[in-house]
Amino acid sequence: MNALVALCHFCELHGPRTLFCTEAVHPPSPSPPQPGPVIPGDRDREADREGEGLTMRANSSATQRADMCEGCRSLPASHPGFVSVDSETGIRYLSHQHPRQQQLFSVVRQACVRSLSCEVCPGREGPIFFGDEQHGFVFSHTFFIKDSLARGFQRWYSIVVVAMDRIYLINSWPFLLRHLRLTIQSLQNTALKVFDSEQCVCPQRAVRMNSAFSPAVFPHQRSGNAARSLTSLTQHPNLWASLHSSFSWLLKACGSRLTEKLLEGAPTEDTLVLIERQTEQEEEMSGWDGAEGGGSNPQPSQSESVQAKDFQFDDGRQEDLLGPKFKSLRHLRQVLGASDFRQLAWHVLMGNQVIWRGADPGLIQSAFNVLKALLPVGCVRAVPYSPHYEEAYRCNFLGLSPDVPIPAHVSSSEFSMLVDVLNVERGCVNPVSDDDILSLYQFNISSANTQPTDKGPTLLNKIEVALSNGNLSVEVVSLCLLCLKEEWMNKVKVLFKFSKVDGRGKEDTQKVLALLGATGPGEEDNVRLLKFWMTGLSKLYKSHLMTAVRGGERTLSQ
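With positions in the sequence shown counted from 1, the corresponding number in this note's numbering is that position plus 583.
Since the hints were derived computationally from the structure, they do not count as laboratory data. This one's a predicted model, so the numbers in the text were calculated from it and none came from an experiment. Built from N, CA and C at the ideal position, the CB exists for glycine as well. Keep in mind that a hint or two might mislead.
Label-pair distances were calculated between CB atoms; the ranges are [stated by the list, open to error]: (1) Val1048 / Thr1092: 20 to 30 Å; (2) Glu865 / Ser994: 33 to 43 Å; (3) Glu716 / Val1048: 48 to 58 Å.
Start from the sequences, fold in the hints, and give me the full structure.
Below, the structure written as structure tokens:
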């Protein structure tokens, strides 16, 4: 982590001072080899001596000032400091009273002064965030340490974490707060034991109440009381070594807990929907865990069971399925035939319920896995295999066992399609491979829909062109399908903003459809597809549009 951790103290005589500082020094980039013999181990020892020498030279002038008291000093000027080396990355963690670079010294000095003067939270104890691009951003946690000789019987300290990356520091807030509080509580508990023991020997409150106040004597009393170091307050012989270990671990752990990932552009709607579904599932699971912890064990309802199966379907992988299976949309098209595949894909894109009924759940789930690539993630609601019929509002992909009857209102509806998977009876012939699905199964497709499916939608026409092109590999077809879905999802966003959010009339909506290229041949199918895909938009996108519109209305009214 490119940051720096420092312990600061508000001295009653000299104001805010930096007591202890830990920084991470990254290894230099490798240089070309120089001619001449190289003795193994000399380079590492030389680097160690160089790092320690830099630290000492940078701190020698700062630590030997005449105005420093015992309370302002942590390590003596002759102390070499502490060095820890990460064997995995080669990063060196150096600790001394001040940073080794003059620029960092100024940054830490300013963070120290602000953390103990103007940038404090209510109650003067707790975390706060401040900073700017020029001087860096600071996470500061102020706290008190008990001292029987101090004013108010306590002294004021802070631990600051300085970094130039504002977003990274803010994202690390919970982690830093949790672990810095452990360090602070350890210091406070140790100092409290020393404070109680000193109070038992000589109660300072009674001494101060009985002593006469003299303006001439007060500065000397104050000067003597201000000179107690943190080591004296805690009676910890290895205090600075312990803080070096804690701060070094904090920098290493905080730097490794967050990693950067390269994202090409903004997240897609599919990504946003997957994040929302995962969040909802985690909330439901935590709710069930809380109910079980309270002594009850509620059973999920039927809709919750369907939703749970939906997540299992979304997470299913083709390689985990046993037996014969469909490998891609092109494979499914070859097995069913071009005409039946177009009819099937048409029902999928229109949002109609597609029912597969057969005795092989693996084959049915593999068909759903390849068919769901035609739709946005938000439009996919699937029950891979069920012993009873599920209504269309619960799922648009439904797998059934062969003995499940189809209700009359479903079989006669034009908004559903049934694919019966029948086992082919074979005599004593040579066994066939699992890839030869046609020799194992027969597919009967039926639907009450009488509308022709050969005109549109436009998206289906483009998909069939890609699937029928033998020069394109399966991977290229998948990328082509992804681009086509993104193109039509952008059209869906425009139509949703225009019709649902802005509330435009039918005539204006027709002009927008013409602008989007959704009119002409297959216009009715294009409009049905766009309206169905609106249901797949993420909640975040919809709420963002509504918030923006309401904010604009308030601005206009003002």
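Query raised in the report: Hint by hint, which ones does the structure fall short of?
Result: Of the numbered hints given earlier, the structure breaks none, since each of them holds.
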